[in-house]
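Colleague: What follows is each chain in one-letter form.
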Amino acid sequence: MGAFHSVPDDHQYRILSEKTGFSLEQTEILHNRFKQLSHNSDVLRRDDLNTIPDLACNPIRSQIVEAFFDRRNFQKDGNGPVQEIGFEEFLIVMSYFRPPSVHMTEEQREELRRAKLRCKNASTILKVLFNMHDTDNDGTITLEEYRHVVEELLSRSGSLGKETAKGIADAAMLEVASMSMGRMGPDEFYAGITFEHFLKILKGIEIETRMHIRFLNMDTTLLCK
Amino acid sequence: MPCPRRTTRGSEAAGLGLQLQQRRSGTVSVSVSVSVLVVSVAVLGCCLLPLGAASSPSHNRDTSENHQKSGHGGTQPTNHTKKPFPVLSFDYKHVKQPFEIFLWVLLASLMKLGFHMMPRLSSIVPESCLLIVVGLLVGGIISLVGEKPPVLDSHVFFLYLLPPIILDAGYFLPIRPFTENIGTILIFAVVGTLWNAFFIGGVLYGVCQIEGTNLHTVTLLPCLLFGSIISAVDPVAVLAVFEEIHINELLHILVFGESLLNDAVTVVLYHLFEEYAGVGTVTVIDVFLGIVSFLVVSLGGVMVGAIYGVLAAFTSRFTAHARVIEPLFVFVYSYMAYLSAEVFHLSGIMALIACGAIMRPYVEANISHKSHTTIKYFLKMSSSVSETLIFIFLGVSTVAGSHRWNWTFVVVTIILCMVARVLGVIGLTHVINKFRIVKLTTKDQFIIAYGGLRGAIAFSLGFLLDSNRFPMRDMFLTAIITVIFFTVFVQGMTIRPLVDLLAVKKKQETKRSINEEIHTQFLDHLLTGIEDICGHYGHHHWKDKLNRFNKKYVKKCLIVGERSKEPQLIAFYHKMEMKQAIELVESGGGVKLPSAMPSTVSMQNIQPKKTPSERALPQISKSREEEIRKILRTNLQKTRQRLQSYNRHTLMADPYEDGWNEILIKKKKMIEFEKRISQMNNYLTVPAPPPDSPTIARARLASDPQAWSIKPAADAGTIPSIKVDLASPQTPDSVSMVDEFGKPASRVPREPEDEEEGLMMRPPLGEKGEKEEQEEGKEQQRLLRCLSDPGPAVAEEEEDEPFLP
Numbered sequence: 001m002g003a004f005h006s007v008p009d010d011h012q013y014r015i016l017s018e019k020t021g022f023s024l025e026q027t028e029i030l031h032n033r034f035k036q037l038s039h040n041s042d043v044l045r046r047d048d049l050n051t052i053p054d055l056a057c058n059p060i061r062s063q064i065v066e067a068f069f070d071r072r073n074f075q076k077d078g079n080g081p082v083q084e085i086g087f088e089e090f091l092i093v094m095s096y097f098r099p100p101s102v103h104m105t106e107e108q109r110e111e112l113r114r115a116k117l118r119c120k121n122a123s124t125i126l127k128v129l130f131n132m133h134d135t136d137n138d139g140t141i142t143l144e145e146y147r148h149v150v151e152e153l154l155s156r157s158g159s160l161g162k163e164t165a166k167g168i169a170d171a172a173m174l175e176v177a178s179m180s181m182g183r184m185g186p187d188e189f190y191a192g193i194t195f196e197h198f199l200k201i202l203k204g205i206e207i208e209t210r211m212h213i214r215f216l217n218m219d220t221t222l223l224c225k
Numbered sequence: 001m002p003c004p005r006r007t008t009r010g011s012e013a014a015g016l017g018l019q020l021q022q023r024r025s026g027t028v029s030v031s032v033s034v035s036v037l038v039v040s041v042a043v044l045g046c047c048l049l050p051l052g053a054a055s056s057p058s059h060n061r062d063t064s065e066n067h068q069k070s071g072h073g074g075t076q077p078t079n080h081t082k083k084p085f086p087v088l089s090f091d092y093k094h095v096k097q098p099f100e101i102f103l104w105v106l107l108a109s110l111m112k113l114g115f116h117m118m119p120r121l122s123s124i125v126p127e128s129c130l131l132i133v134v135g136l137l138v139g140g141i142i143s144l145v146g147e148k149p150p151v152l153d154s155h156v157f158f159l160y161l162l163p164p165i166i167l168d169a170g171y172f173l174p175i176r177p178f179t180e181n182i183g184t185i186l187i188f189a190v191v192g193t194l195w196n197a198f199f200i201g202g203v204l205y206g207v208c209q210i211e212g213t214n215l216h217t218v219t220l221l222p223c224l225l226f227g228s229i230i231s232a233v234d235p236v237a238v239l240a241v242f243e244e245i246h247i248n249e250l251l252h253i254l255v256f257g258e259s260l261l262n263d264a265v266t267v268v269l270y271h272l273f274e275e276y277a278g279v280g281t282v283t284v285i286d287v288f289l290g291i292v293s294f295l296v297v298s299l300g301g302v303m304v305g306a307i308y309g310v311l312a313a314f315t316s317r318f319t320a321h322a323r324v325i326e327p328l329f330v331f332v333y334s335y336m337a338y339l340s341a342e343v344f345h346l347s348g349i350m351a352l353i354a355c356g357a358i359m360r361p362y363v364e365a366n367i368s369h370k371s372h373t374t375i376k377y378f379l380k381m382s383s384s385v386s387e388t389l390i391f392i393f394l395g396v397s398t399v400a401g402s403h404r405w406n407w408t409f410v411v412v413t414i415i416l417c418m419v420a421r422v423l424g425v426i427g428l429t430h431v432i433n434k435f436r437i438v439k440l441t442t443k444d445q446f447i448i449a450y451g452g453l454r455g456a457i458a459f460s461l462g463f464l465l466d467s468n469r470f471p472m473r474d475m476f477l478t479a480i481i482t483v484i485f486f487t488v489f490v491q492g493m494t495i496r497p498l499v500d501l502l503a504v505k506k507k508q509e510t511k512r513s514i515n516e517e518i519h520t521q522f523l524d525h526l527l528t529g530i531e532d533i534c535g536h537y538g539h540h541h542w543k544d545k546l547n548r549f550n551k552k553y554v555k556k557c558l559i560v561g562e563r564s565k566e567p568q569l570i571a572f573y574h575k576m577e578m579k580q581a582i583e584l585v586e587s588g589g590g591v592k593l594p595s596a597m598p599s600t601v602s603m604q605n606i607q608p609k610k611t612p613s614e615r616a617l618p619q620i621s622k623s624r625e626e627e628i629r630k631i632l633r634t635n636l637q638k639t640r641q642r643l644q645s646y647n648r649h650t651l652m653a654d655p656y657e658d659g660w661n662e663i664l665i666k667k668k669k670m671i672e673f674e675k676r677i678s679q680m681n682n683y684l685t686v687p688a689p690p691p692d693s694p695t696i697a698r699a700r701l702a703s704d705p706q707a708w709s710i711k712p713a714a715d716a717g718t719i720p721s722i723k724v725d726l727a728s729p730q731t732p733d734s735v736s737m738v739d740e741f742g743k744p745a746s747r748v749p750r751e752p753e754d755e756e757e758g759l760m761m762r763p764p765l766g767e768k769g770e771k772e773e774q775e776e777g778k779e780q781q782r783l784l785r786c787l788s789d790p791g792p793a794v795a796e797e798e799e800d801e802p803f804l805p
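Chains as they are written, first to last, in the numbering used here: chain R, 1 to 225; chain Y, 1 to 805.
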């Protein structure tokens, strides 16, 4: 599965393009990038992504890289990390960040925004985000995991960040707990953020409309390091 | 001290009478005209004059102080004339100008006050409409009395009334949505305004050429000039209407941003056409120069604003020792930016926006919390007063101005304005949507088109026209006013029902939560990362670069001390923490100490079982909490009393700020303290305690996390104090704490399940616990939770009593 030869033919591109929603050009560009990253091999390893210079100063680099090697994100059954991914997996993960297709009428778009975006896009995209936090795949983001997220987020800001990260995560967790549970007895224990609660807390920032990047139809990979 | 200006005292007294009278009349009847006021005031002043003269020598009603003053005055040696000294005199001219100005301000503010007392009316009609009506009424009354009502002077408008509104808008500009939509906004503001101006001007010229309209004298260039004046969406009107309908952030920023940024286009077009209207011909070079001029005007304005903004930020670095004048720098630098831009006919509005938006993040990091509040309130207050005045004066000027009503011209103008706006928005959105990730729907387009309100800027620009060069000025003004009234009244009043009808998404009123902040940040980094992996430099990439540059260099220069290194998330957290601390100190009721979350969920509910040691916040029993709060409050009051000696230059020892700092310090200490407790805890639980000891251990343990010792007598001198007792938990100190508080609220309630958990303290750690929780650490945590828990209610404490050893 997904083991591509270095020069895939048009047919394969088309299958992938239909599957992921990317245009043929975009698929080709991404494939070029894939080859560039994997040094012309068929599979991509963690190290290939870790060594992207632009990514070096990204505080959540490890989580981003991990998202590409997470079986939960491949639209297949199974979970747990994998060691290497093929182009198909790469493309599938990328497709979560694809903006909804341009070629449709207003009404369709409106409908899509309501129906599809709400259930399909919003939940899959948020699911990816959720999976990035939920490292042990138990369906909840525990305080420990949340602290880890915040710590990573602040990892570029020196010692100051480390001290505060805990406080921030605690405050955030407290907020989630009070938002989703209301009153809690002193003995009850809030195990962690479930996916429903996760959707609830992020409703305010309309993440599904923001979590997109523009995929170019033009090959600019040569410009990048 | 003898007063050097002898005559003023009389007018002061008269002024008092005037003010009284004016206030009285202001409250009694809302629509009292100013001239009536002035006349009645003058009459009253005259009446007061003999009265005051009579009463002053008799000392009947005067205070002793007043008496002393007049005594001094009598013995003044410089008084050469033999005339009896005028105890009270009348000199209205002396104060006329500021007096009238403030009378207007007062009228405007009272009007605003009045509207908010009538919630039913203000829910139907926007405030701007009501204010215009009031202006019309006042203008009518003034002209009925026979005075000439004042006209909204363009000079006053552009120099004094407009800047506060724009500064308020710029300073509180929601940067994120603005920058995310900057492309759309710019296209609407530049291309849209150009299209509007040329379409309206061109078609209007065509209409004017039709036989029978009596408009043959109007040539093409004046038509275009008129088009450029009337085409600009007005920020004041947009703000006034959109703030009331609470539309979603995207639409708000699109319309409002357009109204701000079209200023440069309007300025250039206005000057261009005004310049060439006399000449009559425009060459290609002129068009080219116009384009260059547009770039210079807009970018120049932004540059000027940016320079002043950076200067303001830099200045605020050094204001730590003169907190009182901190807010002043914000206002003065911004106003200087506006004036400097106006000197070169650059876009003053853009300068103000740039200045406010650039200085804000840095200034806010530097100044004190109080100064921030001051800035916020002052900006809101001044902009609100300006806005009110502008609308009232629009009404008054309508009555005052000379009008030439031409049905064809006015009706055609209104229709053209609407058609041009709708066509422009639809056409431009069609193009823009090709590039936008979040597309603009039909509804969005409708609201954007419908929200294109015209306002006082158009009027002032029209007013500035020279009637010698433009004989049709009166007709233009009439048409402009009609369009303004049409948009403000018809569109402004119907937009709210339409928004409801179309179910356009409204703005969420909730405050930004820390989770949202975390995820916004997370998302930024995530998208940047994905872009980097994809290998193209998109907008996230550049934003990230800019952020990094900002953090690395700019913040270091402009922000003093530690805060420059503070990442956004931490800053947000601190802000939130501070808000809670202040709420805590201020309210004293209903807020949970110390987490201050408005909920009953507390730290213990979310604590992972593994790490019982790292509880950030201690739990305090209800009664103890009340006690602490009481002491806090009394201390605060004492501090306030002590602070009453007024110092003009400093606002030292700010009780809230210090209070909150202290709370933070306390909190840090508490965390350290918690760690120590946890170490102790491990020690306590590992060796097997004797079977009957749990209660003692529990009592000791329970009191520890809350070892807040309160020293009312000793600490009476200091600021609100919660003293954290850092004494080792094992010392008798902590035990005595329990005694001190006679009835330890923290004792564990003896309810059956609690009893069970209490028993788990025993070394064998029964199987019962095992089946619930697998790890020992979890049990510990649960134990600690149970132990440190204050217990559900006070009533249950009573029940505990017999169980105590």
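Because the hints were derived from the structure by calculation, they are not lab data. One thing to keep in mind: the hints can contain errors.
When the alpha-carbon atoms are kept at most 27 angstroms apart in a straight line, the in silico DSS-like pairs for lysine-lysine are as follows [to be verified]:
hint: 1; chain 1: R; residue 1: Lys-127; chain 2: Y; residue 2: Lys-555
hint: 2; chain 1: Y; residue 1: Lys-439; chain 2: R; residue 2: Lys-166
hint: 3; chain 1: Y; residue 1: Lys-543; chain 2: R; residue 2: Lys-127
hint: 4; chain 1: Y; residue 1: Lys-507; chain 2: R; residue 2: Lys-200
hint: 5; chain 1: R; residue 1: Lys-166; chain 2: Y; residue 2: Lys-556
hint: 6; chain 1: R; residue 1: Lys-200; chain 2: Y; residue 2: Lys-506
hint: 7; chain 1: R; residue 1: Lys-19; chain 2: Y; residue 2: Lys-439
hint: 8; chain 1: R; residue 1: Lys-200; chain 2: Y; residue 2: Lys-439
Only a predicted model underlies this, so the values are computations on that prediction, with no experimental measurement involved.
Colleague: What are the numbers of the hints the structure violates, in ascending order?
Modeller: 1, 2
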